[in-house]
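Participant: Each chain, letter by letter, is given below.
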Amino acid sequence: MDLHYWTYLIVGLTFALYLGIAIWAKASTTGDFYIAGKGVPALANGMATAADWMSAASFLGMAGLISFAGYDGSVYLMGWTGGYVLLALLLAPYLRKFGHFTVPDFVGDRYYSKTARVVALFCAIFISFTYVCGQMRGVGIVFSKFLEVPIFWGVLIGMGIVFFYAVLGGMKGITYTQVAQYCVLIFAFTVPAIFISLMLTGNPVPQLGFGGHVVGEPGVYLLDKLDGLSKELGFNSYTGGIKPKMDMFCITMALMVGTAGLPHVIIRFYTVKKVSAARVSAFWALLFIAVLYTTAPAIAVFARTNLLTTIPNQSYGDAPEWFKKWESADLIAWQDKNKDGKIQYTQGAAFAGKPVFLGSDHRGKSGERLLANVPTEGANELFVDKDIMVLANPEIAQLPNWVIALVAAGGLAAALSTAAGLLLVISTSVAHDLVKKTIDPNMSEKEELIVARLAAAIAVLIAGYFGLNPPDYVAAIVAFAFGLAASSFFPVIILGIFCRRMNREGAISGMIAGILFTAAYIVFFKFIRTDLNVKDNWLFGISPEGIGTIGMLLNFAVAFIVSAFTPKPPREIYDLVNCVRLPEQEGEELDVVEH
Amino acid sequence: MSESKNEIKHEKLDPVHYWRENLKWVGALLVVWFLVSFGCGILWVDQLNQFHLGGFQLGFWFAQQGSIYVFVVLIAIYVRLMKRLDKKFTSGD
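So the protein lines, in turn, are chains A and B.
Going by my numbering, the letters in the first sequence line up with residues 13 to 607, in that order.
Going by my numbering, the letters in the second sequence line up with residues 3 to 95, in that order.
Note that these hints are calculated values from the structure, not bench results.
Using N, Cα and C, we set each Cβ at its ideal position, and we do this for glycine too.
Incorrect hints may appear among the rest.
[Unchecked claim] Label pairs and their in silico Cβ distance ranges:
id, chain 1, residue 1, chain 2, residue 2, range
1, B, 85, A, 590, 41 to 51 Å
2, A, 15, B, 85, 23 to 33 Å
3, B, 22, A, 548, 41 to 51 Å
4, B, 21, A, 544, 41 to 51 Å
5, B, 21, A, 536, 38 to 48 Å
6, B, 54, A, 410, 30 to 40 Å
7, B, 85, A, 580, 30 to 40 Å
8, A, 535, B, 32, 31 to 41 Å
9, B, 48, A, 511, 36 to 46 Å
10, A, 124, B, 54, 51 to 61 Å
11, B, 48, A, 551, 52 to 62 Å
12, B, 32, A, 161, 19 to 29 Å
13, B, 85, A, 124, 48 to 58 Å
14, B, 75, A, 341, 33 to 43 Å
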């Protein structure tokens, strides 16, 4: 069967499934809407957390990033999994015991301050919007490349689906669709990996395969072959990194701490029945996440090896079909600098920035699409967008059409599930923290539910706008959300639980100092003076991706200093913290606290 | 909240000890967390890369595989430890 039909069939079936679940799980109370009535089993919550967590960036972007970065890409693997250890040990059980709806709720009550709540609220909304941009762009890519609909319609369909189940079902609808989406995305991610692992190494387990021997070349390890190929073509060795250790360290830390501080991840742990269930569901979540995260580096190696064995020094006319397909999608570009008709691929950019094509009828001698970009001095002639590696991988490995269609459905599941989780945080923050707790405390539950749905609807529209006007790479933009979460929420929550003496003044000034510093650093290097964004100008040699670590330390430092010179928190706060630290007593029910 | 219920037959763990015990385990597990990722995966990666695990250089393996497996195990251990500690606290043993 034709790839087109397969894609429509599989994507259509999965969408029908999501909608069916949404109708089944319609939310009727604010408790249902915000935290699924606290009735989600730990295993299901773990799966939903995993789907919530694994975004378009994890599914589409990460393996591609690692594929090009080699060892240096380890920061994403360790960073985006290690945070769950922090969550399980330091945050989730206590926040669950505290038991309100949102992170700003905790911050507001623990620090007995409306100001703290509002600061936390804006941090939450800001982080979630940064993050949601990446998702909608992912939806756009998948739709336009696989279903060959214009990006506009692709994003519109995606928005429609998310709107339907997020606005109607709230957290309950989202949770159960995410369970389904996890199954779809993990199946879609691992099946091609297993096929390719078998083809390249003869081992069906990708995690073992990429450390195994190459089929047809006895005694040669795949990684050694890849290192050899890379060096031959003038690239850095794949398994050896070039990033300085200091930067590796800080990026990994920022991603870990940021993961633990992301509001849409934390909120998931409010949905389980008991404190112990919060721990168990963190375990399931990481286990389910680890399946994808240990497969991704294997895919990265397979994709890189396939790319380096098929493309360099190949003449354009003989290049495989996928090469031209992705070229026509603007994601691969080739400039024949030395006019030999062959594709030279080596270290360095072929030209500065993204390719700007002249139009599909402007063709070069070999038939390649011509570019407006000025070529660099370097010998490299090829541009490959990192985001296509996962999508193109099954085609590069010539897998059957249904596998390729499955990857499309998986990419959509990843993007939609994360987008929905984020939209819920935004709508909860607005309806609950801003309108109900700050502006109009006398609002009825029914009215609050209407406001929450309205906020979700508006958030969907804004997210859609970002999907149509995408900023930067999928994974890179997401990395910023982490820096911001690391420097604001993580310290404030940790201090709230582990340091009884921490007061309102310390927490607020710490949060503001942390997020201002981090945001200023990132904005300066990434948006204002991009020309200065090189190692020599960085503070301690730390890139904007890793600066959240310093922001976090700054947050801690400012919080401690300010709290030392300001009054102790009131007596009730000591009692609150003491209570949060202990498990529930026998017979003690942790109910939804209605305020 | 726990004070009122303290006159129970079994020897229940008091809140202070519960918390201390918890911190002890959290601390120990976080040390391992730090060592496998920041230690083996980043700081000592060059030294470890001189050893091999099949086709993997050991440091590279820790950075891209091993640390993740250890993370999962760490949470599993914590869940078990806390289950036991919670039981001691709520009903004594």
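Participant: The structure should be examined with respect to each hint, and the outcome stated for every one.
Facilitator: Hints and how they fare:
Distance hint check: the CB atoms of residue 85/B and residue 590/A are about 21 Å apart, inconsistent with the given range 41 to 51 Å. The hinted window of 23 to 33 Å between residue 15/A and residue 85/B is violated, with their beta carbons roughly 49 Å apart. In this structure the supplied range 41 to 51 Å holds for residue 22/B paired with residue 548/A, their Cβ-Cβ distance being about 47 Å. Distance hint for residue 21/B and residue 544/A: a CB-CB separation of about 48 Å, consistent with the stated range 41 to 51 Å.
Restraint check, residue 21/B to residue 536/A: a C-beta distance of roughly 42 Å satisfies the suggested window 38 to 48 Å. Distance hint check for residue 54/B and residue 410/A: the Cβ-Cβ separation is about 32 Å, which falls inside the suggested range of 30 to 40 Å. Separation of residue 85/B from residue 580/A is about 35 Å and conforms to the stated range, judged on CB atoms against 30 to 40 Å. Between residue 535/A and residue 32/B the Cβ separation comes to about 32 Å, which falls inside the hinted range of 31 to 41 Å.
For residue 48/B and residue 511/A, the hinted distance range of 36 to 46 Å is satisfied, since their beta carbons lie about 37 Å from each other. Checked against the given bound of 51 to 61 Å, the beta carbons of residue 124/A and residue 54/B, roughly 56 Å apart, stay inside it. For the pair residue 48/B and residue 551/A, the beta carbons lie near 25 Å from each other, so the given range of 52 to 62 Å is not met. Taking the beta carbon of each, residue 32/B and residue 161/A are about 48 Å apart, not inside 19 to 29 Å as hinted.
For residue 85/B paired with residue 124/A, a C-beta distance near 33 Å fails the hint of 48 to 58 Å. For residue 75/B paired with residue 341/A, a C-beta distance near 42 Å keeps the hint of 33 to 43 Å intact.
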